[in-house]
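S.K.: One-letter residues, chain by chain:
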Amino acid sequence: MQINKGSVELVGVVKRYGDKLAVSEINLAIAGGSYCCLLGPSGCGKSTTLRMIAGHEAVSEGDILLNNRNVTDLPPRRRGTAMMFQNYALFPHLSSLDNVAFSLKIAGISKADRHARALEMLQLVNMETYADAFPDNLSGGQQQRVALARALINQPEVILLDEPLSALDPFLRVRMRTELKRIQQQLGITFIHVTHSQEEAFALADSVVVMNNGCIEQIDNPQGIFRTPRTAFVAGFIGGHNIIEGRLTGAGLQISQARTLALQTVPAPHSGGDQTQVSLRCDHIRVSPRPFDNAQALPLQVESVEYQGSYVHVRTRSDDGLQLSIHQPDADYLQAPLYPGDPAYVGWHPEDLNPLQPPAAHA
Amino acid sequence: MASSPRKPGFVPLTLLFALFLIFLYGPTLTIGILSFQGPNGGLTFPLNGVSLHWFRQLFEQQQVGDFGGSLLRSLLLGMSVMLCTTVFSLLAGLAYRRNFRGANCLFYLTLVSLILPSILISLGIGIMFDRLNLAPGWYSSAFGAHLTWTLPFGLLIMFAVFNRFNKAYEAAAIDMGATPWQAFRLVVLPLILPSLIGVGLFGFTLSYDEFARTLMTAGTFNTLPLEIYGMTTNVTTPVLYALGTLTTLFSFTLVLLALLGMHLVQRRRGAATTG
Numbered sequence: 001m002q003i004n005k006g007s008v009e010l011v012g013v014v015k016r017y018g019d020k021l022a023v024s025e026i027n028l029a030i031a032g033g034s035y036c037c038l039l040g041p042s043g044c045g046k047s048t049t050l051r052m053i054a055g056h057e058a059v060s061e062g063d064i065l066l067n068n069r070n071v072t073d074l075p076p077r078r079r080g081t082a083m084m085f086q087n088y089a090l091f092p093h094l095s096s097l098d099n100v101a102f103s104l105k106i107a108g109i110s111k112a113d114r115h116a117r118a119l120e121m122l123q124l125v126n127m128e129t130y131a132d133a134f135p136d137n138l139s140g141g142q143q144q145r146v147a148l149a150r151a152l153i154n155q156p157e158v159i160l161l162d163e164p165l166s167a168l169d170p171f172l173r174v175r176m177r178t179e180l181k182r183i184q185q186q187l188g189i190t191f192i193h194v195t196h197s198q199e200e201a202f203a204l205a206d207s208v209v210v211m212n213n214g215c216i217e218q219i220d221n222p223q224g225i226f227r228t229p230r231t232a233f234v235a236g237f238i239g240g241h242n243i244i245e246g247r248l249t250g251a252g253l254q255i256s257q258a259r260t261l262a263l264q265t266v267p268a269p270h271s272g273g274d275q276t277q278v279s280l281r282c283d284h285i286r287v288s289p290r291p292f293d294n295a296q297a298l299p300l301q302v303e304s305v306e307y308q309g310s311y312v313h314v315r316t317r318s319d320d321g322l323q324l325s326i327h328q329p330d331a332d333y334l335q336a337p338l339y340p341g342d343p344a345y346v347g348w349h350p351e352d353l354n355p356l357q358p359p360a361a362h363a
Numbered sequence: 001m002a003s004s005p006r007k008p009g010f011v012p013l014t015l016l017f018a019l020f021l022i023f024l025y026g027p028t029l030t031i032g033i034l035s036f037q038g039p040n041g042g043l044t045f046p047l048n049g050v051s052l053h054w055f056r057q058l059f060e061q062q063q064v065g066d067f068g069g070s071l072l073r074s075l076l077l078g079m080s081v082m083l084c085t086t087v088f089s090l091l092a093g094l095a096y097r098r099n100f101r102g103a104n105c106l107f108y109l110t111l112v113s114l115i116l117p118s119i120l121i122s123l124g125i126g127i128m129f130d131r132l133n134l135a136p137g138w139y140s141s142a143f144g145a146h147l148t149w150t151l152p153f154g155l156l157i158m159f160a161v162f163n164r165f166n167k168a169y170e171a172a173a174i175d176m177g178a179t180p181w182q183a184f185r186l187v188v189l190p191l192i193l194p195s196l197i198g199v200g201l202f203g204f205t206l207s208y209d210e211f212a213r214t215l216m217t218a219g220t221f222n223t224l225p226l227e228i229y230g231m232t233t234n235v236t237t238p239v240l241y242a243l244g245t246l247t248t249l250f251s252f253t254l255v256l257l258a259l260l261g262m263h264l265v266q267r268r269r270g271a272a273t274t275g
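If you read the protein sequences in the order shown, they are chains R and E. Residue numbers for the first sequence follow the working numbering, so the first one is 1 and each next one is one higher. Residue numbers for the second sequence follow the working numbering, so the first one is 1 and each next one is one higher.
Since the hints were made in silico from the structure, they are not lab data. Keep in mind that the hints are not guaranteed to be accurate.
With a cut-off of at most 27 Å between alpha-carbon atoms, the simulated DSS-like pairs for lysine-lysine come out as follows [said to hold, decoys possible]:
| id | chain 1 | residue 1 | chain 2 | residue 2 |
| --- | --- | --- | --- | --- |
| 1 | R | 20 | R | 181 |
| 2 | E | 167 | R | 20 |
| 3 | R | 105 | E | 7 |
| 4 | R | 105 | R | 5 |
Sample of chain R residues facing chain E (criterion: CB under 8 Å; computed from the structure) [to be verified]:
| id | residue |
| --- | --- |
| 5 | 85 |
| 6 | 102 |
| 7 | 103 |
All values derive from a computational prediction rather than experimental measurement. Just so it is clear, CB atoms sit at the ideal spot from N, CA and C, and this is done for glycine as well.
Turn these sequences into a full structure, and let the hints guide you.
M.R.: Here is the structure:
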């Protein structure tokens with residue numbers, strides 16, 4: 001077992017377009033054979049980062065290492081990576097088989113040989129019956145499988161996927177992501193997958209890299225990202241979290257004169273002052289129309305109630321500015337339903353208040 | 001079955017469209033019919049019998065006018081213009097995909113020759129050849145004059161083609177180890193080939209029926225449009241119409257062949273898919 005096979009490392013990588021900073025000095029180490037998701041909103045630099053790893057985008061500063069080998073200035077074909085493009089970029093004038101065999105043709109392998117190997121790859125993605133079909137006649141999911149086979153045929157150590165599931169309908173998206181994970185585990189190679197869907201990232205990734213504004217906000221496994229988001233951006237982007245702002249005092253986090261929340265971990269004050277932020281998971285808040293043990297003394301007011309199946313989404317606010325979104329288990333809701341305008345008594349464990357770091361400094 | 005009521009504009013607009021069609025195809029049809037005029041018929045209706053007389057006449061030596069020669073010259077000129085237009089439009093289109101210095105300037109300079117009146121360009125080239133003490137000819141000065149017309153068109157078409165061209169195709173080819181040349185030859189070229197054929201056909205047609213730009217540049221020997229124009233003043237027989245019908249048929253054949261070619265390519269793909 002080679003530990004390093006397919007490992008990718010970015011050291012102080014910067015990308016500028018003219019004066020515009022697209023990626024600002026990111027450092028990232030991706031273990032060989034792991035599934036890594038670059039997650040962030042559009043324009044956050046995740047696709048640029050992926051293209052720099054692939055060699056389709058020049059690096060302004062910094063180094064990219066593959067298997068501890070500096071590939072910063074190598075062309076794509078000499079890196080040992082393969083890219084799967086957004087919308088797949090299958091060549092419309094070639095059949096599935098010839099699309100998959102394209103790189104072998106470039107390598108000068110005879111037609112019989114390359115077709116035999118391409119067919120094997122199509123079998124891996126269950127597309128061998130469509131070998132002679134042209135891309136225009138394939139569904140989105142089928143195109144994706146062919147594109148994957150085409151990326152895999154050269155036995156790359158790293159596969160780079162640019163929003164591979166965004167062109168598919170929601171049902172197919174879920175099926176294809178299972179497939180991606182199966183193939184990644186079967187082959188044991190590194191997958192780096194760019195997405196803006198936290199659901200996709202959570203389902204697939206061994207490590208999630210959350211990016212914003214050209215910076216990395218957090219690198220962790222999905223559980224780590226969801227349980228302890230590092231910044232307000234991460235908590236907001238992955239959803240399911242309340243971000244509570246307040247003043248840091250000896251007693252805890254002061255929201256208003258009358259309301260101070262007890263803290264177990266004291267967060268660092270943001271930007272010099274004593275203002276700070278914590279996050280609180282929507283599903284870690286207990287809510288009831290009546291006071292209960294360890295509930296906040298001051299109730300909030302129910303603004304809206306939305307039934308969502310396994311939980312009920314209750315939005316509450318109070319006059320002192322505290323707003324909380326709550327995911328209440330449907331059983332609790334059925335026992336004591338809340339209606340807009342009702343007082344909402346809320347409570348949580350102090351350790352559920354997760355301190356947030358100030359936003360990453362941008363150059 | 002109740003049909004939805006027609007909107008008030010339907011009748012006048014249909015009439016207008018019918019008028020347009022008559023205007024568009026009427027002259028061609030008229031000439032087509034008149035070219036089958038009997039041996040004793042004249043340039044106008046009524047038909048005095050029906051015959052192929054004037055088509056036969058067409059291939060005999062005329063007193064005035066030289067169809068065979070001018071047709072051959074126009075074809076050769078059209079082919080050369082087609083070839084040059086295709087090659088240079090493709091190369092220019094490729095160049096414009098990356099920004100080079102003076103790209104805008106060059107683009108406007110190219111457009112100017114579309115805006116300038118053809119006859120002025122023709123005159124200018126004629127005078128230039130005269131000043132340089134060169135004899136104008138259909139293969140030299142007229143060839144150049146035609147290119148001032150076809151190249152800008154070709155370039156504009158290539159712009160449209162490359163605007164729609166998904167760069168990911170090339171990136172994918174490069175990613176799979178292709179050199180830029182291989183990416184061009186194996187991916188870009190096959191994908192833009194239909195448009196390229198279009199550019200070629202367009203260049204040919206523009207050159208084949210170009211009149212104004214040839215007028216002052218053709219030199220001693222006429223191209224077909226010049227010959228026909230000359231004949232309208234001299235020849236007073238339906239042989240002119242026979243010529244018109246033949247050249248129209250020729251153009252139609254070319255278009256049909258092109259369409260057939262495209263259809264065959266499509267069918268080959270379709271067959272490969274279902275087979």
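S.K.: All the hints need checking, so say for each whether the structure fits it.
M.R.: Hints, verified against the model:
1. About 35 Å separates the Cα atoms of residue 20 of chain R and residue 181 of chain R, which puts this hinted pair outside 27 Å; it is violated.
2. For the given pair, residue 167 of chain E sits about 22 Å from residue 20 of chain R by alpha-carbon distance, which is consistent with the 27 Å threshold.
3. The suggested pairing of residue 105 of chain R with residue 7 of chain E is violated, with an alpha-carbon distance near 60 Å, which exceeds 27 Å.
4. About 26 Å separates the Cα atoms of residue 105 of chain R and residue 5 of chain R, which keeps this hinted pair within 27 Å; it holds.
5. With its C-beta approaching chain E no nearer than about 5 Å, residue 85 of chain R sits inside the 8 Å limit, and its interface hint holds.
6. Because the closest C-beta pair between residue 102 of chain R and chain E is about 5 Å apart, less than 8 Å, the hint holds.
7. Among the interface hints, the one on residue 103 of chain R holds; its C-beta lies about 4 Å from the nearest C-beta in chain E, closer than the 8 Å criterion.
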